[in-house]
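Spelled out, the chains give:
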Amino acid sequence: MLEQFEQLLSQNDIFNLATLMHYWGGFVTTIQLVFLSLVIGAVIALPLGILRTSKNPWISKPIWIYVYIFRGTPLIVQLFLIYYGTAQIEGIKGTWLWENILAEAFYPCLIAFVLNTAAYTTEIIRGAIENTSKGEIEAAKAYGMSWAVRMRRVILPSAFRRALPAYANEVIFMLHASAIASVVTIVDLTGAARDIYSRYYAPFDAFLFVAAIYLCITFTLIFTFRHIENKVLAHLKPLSH
Amino acid sequence: MLDLQGYGPSILGGALLTVEVAILSLLLAVFLGLLGGLAKISSNPILNGIATVYTTLIRGVPDLVLMMLIFFGGQMMMNNLSDWLYTKFEVDVFFNVNEFTAGVITIGFIFGAYMAETFRGAFQSVELGQIEAGKAYGMTPWQIFSRIMFPQMMRHALPGIGNNWLVLLKTTALVSVIGLSDMVRLASEAAKATHQPFLFLLPVIFGFLLMTALSEWGLKMLERKYSAGVVKG
Amino acid sequence: MKKLIIAVSCMLAFSAGSIQAKDWKEVRIAVDVPYEPFEFKAPDGSLTGFEVDLGNAVCAEIKAKCEWIPQAWDGIIPGLLARKYDAIMSSMSITEERAKKVLFSEGYYNTPSAWFGKKGMGLDVASKEALTGKKIGVQRGTLQDNYVTDKFGDVVEVKRYTTADDLVLDLTGGRLDAVFLDFPVGEKTILNNDDFETLGDNIPVGDGIGVAFRKRDQELANKFNKALKKLKDDGTYDKIMKKYFAYDIKI
Numbered sequence: 010m011l012e013q014f015e016q017l018l019s020q021n022d023i024f025n026l027a028t029l030m031h032y033w034g035g036f037v038t039t040i041q042l043v044f045l046s047l048v049i050g051a052v053i054a055l056p057l058g059i060l061r062t063s064k065n066p067w068i069s070k071p072i073w074i075y076v077y078i079f080r081g082t083p084l085i086v087q088l089f090l091i092y093y094g095t096a097q098i099e100g101i102k103g104t105w106l107w108e109n110i111l112a113e114a115f116y117p118c119l120i121a122f123v124l125n126t127a128a129y130t131t132e133i134i135r136g137a138i139e140n141t142s143k144g145e146i147e148a149a150k151a152y153g154m155s156w157a158v159r160m161r162r163v164i165l166p167s168a169f170r171r172a173l174p175a176y177a178n179e180v181i182f183m184l185h186a187s188a189i190a191s192v193v194t195i196v197d198l199t200g201a202a203r204d205i206y207s208r209y210y211a212p213f214d215a216f217l218f219v220a221a222i223y224l225c226i227t228f229t230l231i232f233t234f235r236h237i238e239n240k241v242l243a244h245l246k247p248l249s250h
Numbered sequence: 189m190l191d192l193q194g195y196g197p198s199i200l201g202g203a204l205l206t207v208e209v210a211i212l213s214l215l216l217a218v219f220l221g222l223l224g225g226l227a228k229i230s231s232n233p234i235l236n237g238i239a240t241v242y243t244t245l246i247r248g249v250p251d252l253v254l255m256m257l258i259f260f261g262g263q264m265m266m267n268n269l270s271d272w273l274y275t276k277f278e279v280d281v282f283f284n285v286n287e288f289t290a291g292v293i294t295i296g297f298i299f300g301a302y303m304a305e306t307f308r309g310a311f312q313s314v315e316l317g318q319i320e321a322g323k324a325y326g327m328t329p330w331q332i333f334s335r336i337m338f339p340q341m342m343r344h345a346l347p348g349i350g351n352n353w354l355v356l357l358k359t360t361a362l363v364s365v366i367g368l369s370d371m372v373r374l375a376s377e378a379a380k381a382t383h384q385p386f387l388f389l390l391p392v393i394f395g396f397l398l399m400t401a402l403s404e405w406g407l408k409m410l411e412r413k414y415s416a417g418v419v420k421g
Numbered sequence: 004m005k006k007l008i009i010a011v012s013c014m015l016a017f018s019a020g021s022i023q024a025k026d027w028k029e030v031r032i033a034v035d036v037p038y039e040p041f042e043f044k045a046p047d048g049s050l051t052g053f054e055v056d057l058g059n060a061v062c063a064e065i066k067a068k069c070e071w072i073p074q075a076w077d078g079i080i081p082g083l084l085a086r087k088y089d090a091i092m093s094s095m096s097i098t099e100e101r102a103k104k105v106l107f108s109e110g111y112y113n114t115p116s117a118w119f120g121k122k123g124m125g126l127d128v129a130s131k132e133a134l135t136g137k138k139i140g141v142q143r144g145t146l147q148d149n150y151v152t153d154k155f156g157d158v159v160e161v162k163r164y165t166t167a168d169d170l171v172l173d174l175t176g177g178r179l180d181a182v183f184l185d186f187p188v189g190e191k192t193i194l195n196n197d198d199f200e201t202l203g204d205n206i207p208v209g210d211g212i213g214v215a216f217r218k219r220d221q222e223l224a225n226k227f228n229k230a231l232k233k234l235k236d237d238g239t240y241d242k243i244m245k246k247y248f249a250y251d252i253k254i
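Residue numbers (this note's numbering), protein chains in the order written: chain A, 10 to 250; chain B, 189 to 421; chain C, 4 to 254.
Next comes chain A alone, as it looks inside the complex (with noise of 0.2 angstroms):
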């Protein structure tokens, strides 16, 4: 069975051994780089979220502003905006900085991609918490709970679960957005689908090939979440008739 495999793959112009490694690669970059931007996005957005609700200008404007340009422009001029800019600030070269991180490719977009997110996911956040039920904090409150205390215990877990759905959308556009990161070099699996096009003149083959991928990474993706619904939302569900 392995063999007769191997002979479809070696008779195959676009098909080969060597094509497929270079999709595998694209696709471990793609993981990689939308797994990190989430996480990252995730834990920076959590803090923001919360101070965005706070009732203080000085500190929910600024929030504001960061999260209404990130979410206002296209994610390609702020990929563009890093890469090329972070490149020809003064006096960068040689710096610890741009040696290690900011000269690969993967970091000036793994940055780019995390401050998107990271602004999405704080507007999900502060819209979670902002639509707790009024009676919740008050009872939270009636039981003298301090501001922390309230969002550790209360406010918080309940605002996750709320959170969800339009997370999961979040995680989808994530990896919808990935693709973007080919425009700069980095081969994954969209730029894996452009250098065998540009090689093989077979647009059809690499693009479908990797379009069937994102689609089962998405319904992956979707099909997890539902199952994580089902079980955290599962006080919240109609009750059936």
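Keep in mind that the hints were calculated from the coordinates and are not lab data. Don't take each hint at face value.
To be verified - Reference listing, derived: stretches of chain C covered by chain A, where coverage requires no fewer than 3 residues with Cβ under 8 angstroms from a Cβ of chain A:
#1 76-88
#2 162-169
#3 172-182
Unchecked claim - Residues from chain B shown here face chain C by an in silico Cβ test under 10 angstroms; the list is partial:
#4 Asn-267
#5 Val-365
#6 Glu-377
In this text, all values refer to a predicted model and were calculated from it rather than measured experimentally. C-beta: ideal position from N, C-alpha, C; glycine also.
Here the structure of chain A is known, so what remains is to put chains B and C in place on it, guided by the hints.
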């Protein structure tokens, strides 16, 4: 003030192109979305199936990949089609899939799927009683749609349309990758040539923020108009 | 509804087709700009360069009006087959792979490719060990891309760029260790920066540059071949060549 080193007029032209692409794509998207939304609520399983496949595929594949597929693949398909026509019928016609058309078709196609979802939800939120009353009066399906469903549906659809429009506006930046000389492409070309990325890209950022702000203002006006007579509960 | 009709007809107008002119009074030629000194934009925006000048001379010879169409390298052959233009005169190397899809004219120039990198790096570009782990830049889909990928692809990090100037930008920006590029192009765009030099010897890659046509346009190819031969023989070619190059690139 801003010394754009002579690139200013062309970048402004690029901004105009961005708006053109966005508006034409929006029209296509609304058209496809209406069809898709109707197909989704229809009782015909085939229509239902087609619409579901359409929306599922679009939401599962990145915009950039779809754009390349349609642009590069579409061109190749057109080549094969006209080659076939030539060998069979000696007809020498060419179909020029230029970047503008490819961009508009792709973005319109993509957002048609999102609009279909929006319209489906909006159709379903028009009170059934209104539709029934229309039927009781003996109205034809088209009359019911145009006189009862559409005006009331728009109120529910507007927030969704608005959100989709804002995302669409940003997605137009991707056409720069397939070579269309829109604002993003011209600005980045200028930035690369003069080694001054901030000088050219920051105005682009500002341009998008301006368009976003204007759109949000416009949407608020539209929502007000379509909510006339509605008592907010 | 009216807006929709206008919009749809606008879209169709953009993609209008037409019947092909068979007598070749007008020829549209595609170039991937910038690729100095072969084709690039002059400060006033017009296209110029060795191939543009040579192409104009050929068109004068075959008594046709030439229109130059900028086109990204990625889609340059598909565009030819889609009849966006009638010929490609953009430093396209004649290869077997490409000859399957297009018709090539006789070769009209040949230049080697070369490695470029920062001065004092001392990189031995002939040895695989020295190159291991380095970031090498090439233009996607070119012969140089194939060369580097086939020879060193398993040990170096190949970074592919859509245009030559993106490539040069990242080299001078410090994101690449070296690039492998057409020698004249590198000479014009990289060596004007004092920090960079060529590494190792020039390497001949490919069998020469030809003009690409659609397979069925043999007539146009014949016209071009006749004109090119005449220009090479009567000294016009040499005159144009000397304008851009201090060395001989003629085939």
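Structure-based check of each hint:
no., hint, in the structure
1, 76-88, "holds (count 3)"
2, 162-169, "holds (count 3)"
3, 172-182, "holds (count 5)"
4, Asn-267, "4 angstroms, holds"
5, Val-365, "9 angstroms, holds"
6, Glu-377, "9 angstroms, holds"
The earlier numbered hints are all upheld by this structure, with none contradicted.
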